[in-house]
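J.: Each chain, letter by letter, is given below.
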Amino acid sequence: MSTTTPAFEGAAIEPGVLPRLLPARPLRTIAGHVEHYGPVPQRTDALILEIERSGLKGHGGAGFPTGVKMQAVAQRRGSSVVVANGTEGEPASAKDKTLLSIAPHLVLDGAVLAGTAVGAREVVVCVDRAFPQIAEIVAAAIDERAARAVDPLPIRMEQAPHRYIAGEESALVAWLNGGDAKPGFVPPRPFEKGVGGRPTLVQNVETLAHVALIARFGAAWFRSLGTKADPGSALVTCTGGFARTGVSEIPLGISMPALFRATGTEISQVQAVLIGGYFGTWLPPDALDSVRLGSASLRTQDASFGCGVLFALPKDRCGLAESAHVTRWLADQNAGQCGPCVNGLDAIARAMAALVKGDRKGDAARHLDRWIDMVKGRGACKLPDGTARFVESSVRVFADEIRRHKRNGPCSACSAAPLFPLPRVGGWR
Amino acid sequence: MTRMVVNPITCAGHGICAELFPEWIQLDDWGYPIIDPRPIPKEFAAHAKRAMAACPTLALILRDERAGG
Ligand SMILES: Cc1cc2nc3c(=O)[nH]c(=O)nc-3n(C[C@H](O)[C@H](O)[C@H](O)COP(=O)(O)O)c2cc1C
Ligand code: SF4
Ligand code: SF4
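Keeping their order, the protein sequence lines are chains A and B.
Counting in our numbering, the first sequence runs from 36 upward without gaps.
Counting in our numbering, the second sequence runs from 144 upward without gaps.
What the hints contain is simulated information worked out from the structure, not anything from laboratory work.
Fair warning: there could be bad hints in the mix.
Calculated pairs, DSBU-like style, for lysine-lysine (alpha carbon to alpha carbon, straight line, at most 35 angstroms) [unchecked claim]: (1) A:Lys396 / A:Lys441; (2) A:Lys417 / A:Lys392; (3) A:Lys417 / A:Lys441; (4) A:Lys392 / A:Lys350; (5) A:Lys417 / A:Lys350; (6) B:Lys192 / A:Lys228; (7) A:Lys350 / A:Lys441; (8) A:Lys411 / A:Lys441; (9) A:Lys228 / B:Lys185; (10) A:Lys411 / A:Lys396; (11) A:Lys417 / B:Lys192; (12) A:Lys411 / B:Lys192; (13) A:Lys417 / A:Lys396; (14) B:Lys185 / A:Lys411; (15) B:Lys185 / A:Lys417.
All of these numbers come straight from a predicted model, not from anything done at the bench.
Please put together the full structure from these sequences, using the hints given.
T.: Below is the structure:
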């Protein structure tokens, strides 16, 4: 997927105030960056409080309050480490790569500011090694900063394995410490014992870009977009059946119809929208008219914003077959460590494939609900929970489709190549 | 308030724990333990200890509080 074409101009939704994070042209030099955003503020003593006031939540998927996490690291003894997580293993997402390529210094500003605020000795920026062009841009930005000695702490970049699981924070820390990029059994969590055994603040790169702007313009400015519960803006990746696909920035809380208008897409052209990436939830057609891209509204659909991926399923696609492909891909991402994940997700993926074929004997349907409940909370990481959530929503939203397949067998769209990107992944080191 | 958890990475699915502490541990469809998440009552403390000691990979752990988010 292209990482630089916006699906729409943010200003189409909120005239004059967006984009915040995605300048119209790439700002890869310090001079261009500072001209656009202004200089980095020197004082960071009140930054954590300001981040807490801003209500910023993480953009890596879990939506955890950033100020709380920063506070937790700051309170640990000894110096810490900041990891800027730009690995973006979510196949349908392009927002972190886009951000790193258009505004690398904003991410680096945020990482250094957060690092200073939590007493870090270094910043480690992690990118996916399968995208050398992004790594090159980030490396050049780091080099320019080092040559001009603009930062009070050192920054290094590391190119992480091209794997979905590698972006999970304990996996990333394990890899940075010289091991496989596989999750560990927590606690201790990275904020307690992370890179080199030090307390480690792992934040998504978009989260850090917001930190850089809040440090400059303040919490009140940040809150001037979005809603009380979901303040600020967010990057989204619109993909699949939207008329215009790509990465854009939205004020949090906007309505789904507004997003459809901005991408030039009619709601009637799509069957459903997957929100939140492969750990996400399908929104059925009747929800699309009313739902807002805010936590309270999404919760009514058992959905959350996640990492900001929106995948529109076109009318001519089989939602059941597409979901079965994603389920198999997710199951195959297991790190081979936890029995319930290795065995359970494989069983769930096989049951989904059986539903596509028609499940004449009814075995798959009978087991699936049990297995979904059985795997939740039983892995070292959230792969089982995320997969369970996706499958739960797939069988709910495509219930009619499942009945049709039971009656008639696979449909004409079942044999189509998957519309979802299902990349081949690399090794664990 | 002591709860039992299993380290799913070290657990090898031997199932001995479920035999020794059936009041609290059941096996899933693949032979891995599903542990009752409630605090362990005093009268089961000895059962819990026995199951923990018998686990070949020492995968069972007692936690004094729930690990938070
Ligand atoms: C399987 C899995 C994969 C993940 N992949 C990523 C990723 O590619 N990028 C990312 O920022 N966070 C990823 N996360 C979330 C991280 O563990 C972590 O919560 C996040 O980087 C924290 O940043 P935030 O609080 O700014 O969102 C993943 C989590 C899981 C369970
Ligand atoms: S839950 Fe699955 S992906 Fe996560 S650590 Fe265990 S085996 Fe690996
Ligand atoms: S005895 Fe230990 S290894 Fe065997 S199933 Fe129980 S916890 Fe897992």
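J.: Hint by hint, where does the structure go against what was stated? Just the numbers, ascending.
T.: none
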